[in-house]
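Chain order of the listed sequences is A and B.
Using this note's numbering, the letters of the first sequence map in sequence onto residues 1 to 186.
Using this note's numbering, the letters of the second sequence map in sequence onto residues 1 to 153.
Distance condition first, Cα-Cα at most 30 Å in a straight line; then the derived DSS-like pairs of lysine-lysine:
1) Lys-94/B / Lys-74/B
2) Lys-60/B / Lys-74/B
3) Lys-85/A / Lys-61/A
4) Lys-27/A / Lys-94/B
5) Lys-85/A / Lys-70/A
6) Lys-74/B / Lys-61/A
7) Lys-85/A / Lys-79/B
8) Lys-85/A / Lys-60/B
9) Lys-79/B / Lys-60/B
10) Lys-79/B / Lys-61/A
11) Lys-94/B / Lys-60/B
12) Lys-94/B / Lys-79/B
Rather than coming from a laboratory, the hints here were simulated on the basis of the structure.
Listed below, chain by chain, are the residues.
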Amino acid sequence: MARRARLVLQGVAVGLVVLLLGLLVWKLVRSPGGDLAAAADRGDRPRAPVFTLPRLDRSGKLSLASLRGKAVVVNFWASWCIPCKDEAPYLEQVWLDRRAEGVVVLGVDAKDFRSDARGFAGRYDLTYPLAYDGPGATLPSYGVTGFPETYVLDRQGRVVEAFVGSIDSSQEHVRLREAIDRALRS
Amino acid sequence: MKLAASLAMLVALVWAAAAAGPAVGAQGRPSAAQLESELVCPVCETTLDQSDSPIAERMKAFIRARIAAGDSAKQIEDKLVAQFGPGVLATPSKSGFGLLAWLVPLLAGLVGAVAVALLVRTWARRRAAPVPGRVLDPELERRVDEELARFEG
Numbered sequence: 001m002a003r004r005a006r007l008v009l010q011g012v013a014v015g016l017v018v019l020l021l022g023l024l025v026w027k028l029v030r031s032p033g034g035d036l037a038a039a040a041d042r043g044d045r046p047r048a049p050v051f052t053l054p055r056l057d058r059s060g061k062l063s064l065a066s067l068r069g070k071a072v073v074v075n076f077w078a079s080w081c082i083p084c085k086d087e088a089p090y091l092e093q094v095w096l097d098r099r100a101e102g103v104v105v106l107g108v109d110a111k112d113f114r115s116d117a118r119g120f121a122g123r124y125d126l127t128y129p130l131a132y133d134g135p136g137a138t139l140p141s142y143g144v145t146g147f148p149e150t151y152v153l154d155r156q157g158r159v160v161e162a163f164v165g166s167i168d169s170s171q172e173h174v175r176l177r178e179a180i181d182r183a184l185r186s
Numbered sequence: 001m002k003l004a005a006s007l008a009m010l011v012a013l014v015w016a017a018a019a020a021g022p023a024v025g026a027q028g029r030p031s032a033a034q035l036e037s038e039l040v041c042p043v044c045e046t047t048l049d050q051s052d053s054p055i056a057e058r059m060k061a062f063i064r065a066r067i068a069a070g071d072s073a074k075q076i077e078d079k080l081v082a083q084f085g086p087g088v089l090a091t092p093s094k095s096g097f098g099l100l101a102w103l104v105p106l107l108a109g110l111v112g113a114v115a116v117a118l119l120v121r122t123w124a125r126r127r128a129a130p131v132p133g134r135v136l137d138p139e140l141e142r143r144v145d146e147e148l149a150r151f152e153g
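Hey, can you work out the whole structure from these sequences and the hints?
Here is the structure:
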């Protein structure tokens with residue numbers, strides 16, 4: 001009986017060690033979504049992770065899934081991010097120019113004070129929809145490692161193009177315009 | 001008895017560490033320096049006092065402004081958690097799921113201490129017990145005694 005109990009205990013201990021090793025390997029191997037931009041660059045059109053976040057520009061929540069059928073420009077930003085200030089006026093212009101075509105610019109403010117983000121939106125007269133993700137919970141699924149990052153999604157919610165860094169040069173403006181065109185054609 | 005006392009002391013120490021209150025300065029007001037060492041910059045993921053990133057500087061300014069406004073350390077921590085989530089706390093909360101982070105090491109320590117105590121007791125008993133079949137023959141014992149007496153004499 002004692003021998004059997006000892007064997008069971010040894011089995012449990014070995015099982016626990018194997019489980020912990022498995023968790024370690026899984027954690028090391030698992031990609032947190034950082035390949036999204038690389039996959040988009042290859043032309044794979046990976047599915048964009050959906051999210052529902054509180055709105056920053058008004059009360060209520062905003063769900064990415066509710067924008068299915070439109071071309072969506074998801075822009076991750078923060079009020080303390082200096083390059084975000086450079087591109088915000090251009091994104092506002094894109095929203096004003098192309099919303100009638102079925103384009104939505106969606107700003108996701110992350111790792112930021114809500115009041116600072118509202119101040120930023122007011123300072124740059126942003127009228128496109130803004131969502132708030134203070135803890136930055138959506139960032140790992142997109143593989144966002146810095147601000148700003150922008151993802152253009154087609155009507156099926158797939159990533160057409162990813163921009164790591166600010167969209168502030170004429171070259172980047174052309175790239176964004178072409179990506180939106182592709183997203184609308186899908 | 002000694003084991004029980006040691007375990008009780010261990011429990012008391014861990015419990016005291018877990019129950020330690022939020023940062024309070026000498027005048028009963030929250031200490032900015034203490035709070036900055038207990039809160040994490042959400043971008044660089046080090047404590048605020050170790051970071052000079054824009055958001056860390058902004059959080060430090062927020063802490064000072066709230067201290068000046070008369071908030072307690074707990075109120076300031078709660079406001080930052082409401083903005084940035086529980087990950088902004090350098091140590092896990094002492095309620096809800098965060099309590100597990102305090103209790104699991106405590107329980108693991110207790111289980112380990114009990115296991116070691118049981119093992120030590122088992123080994124000590126095994127050493128003290130006479131080995132069966134190894135009793136000296138009386139005749140042989142008498143001769144050994146005689147030899148020893150002669151050797152010493």
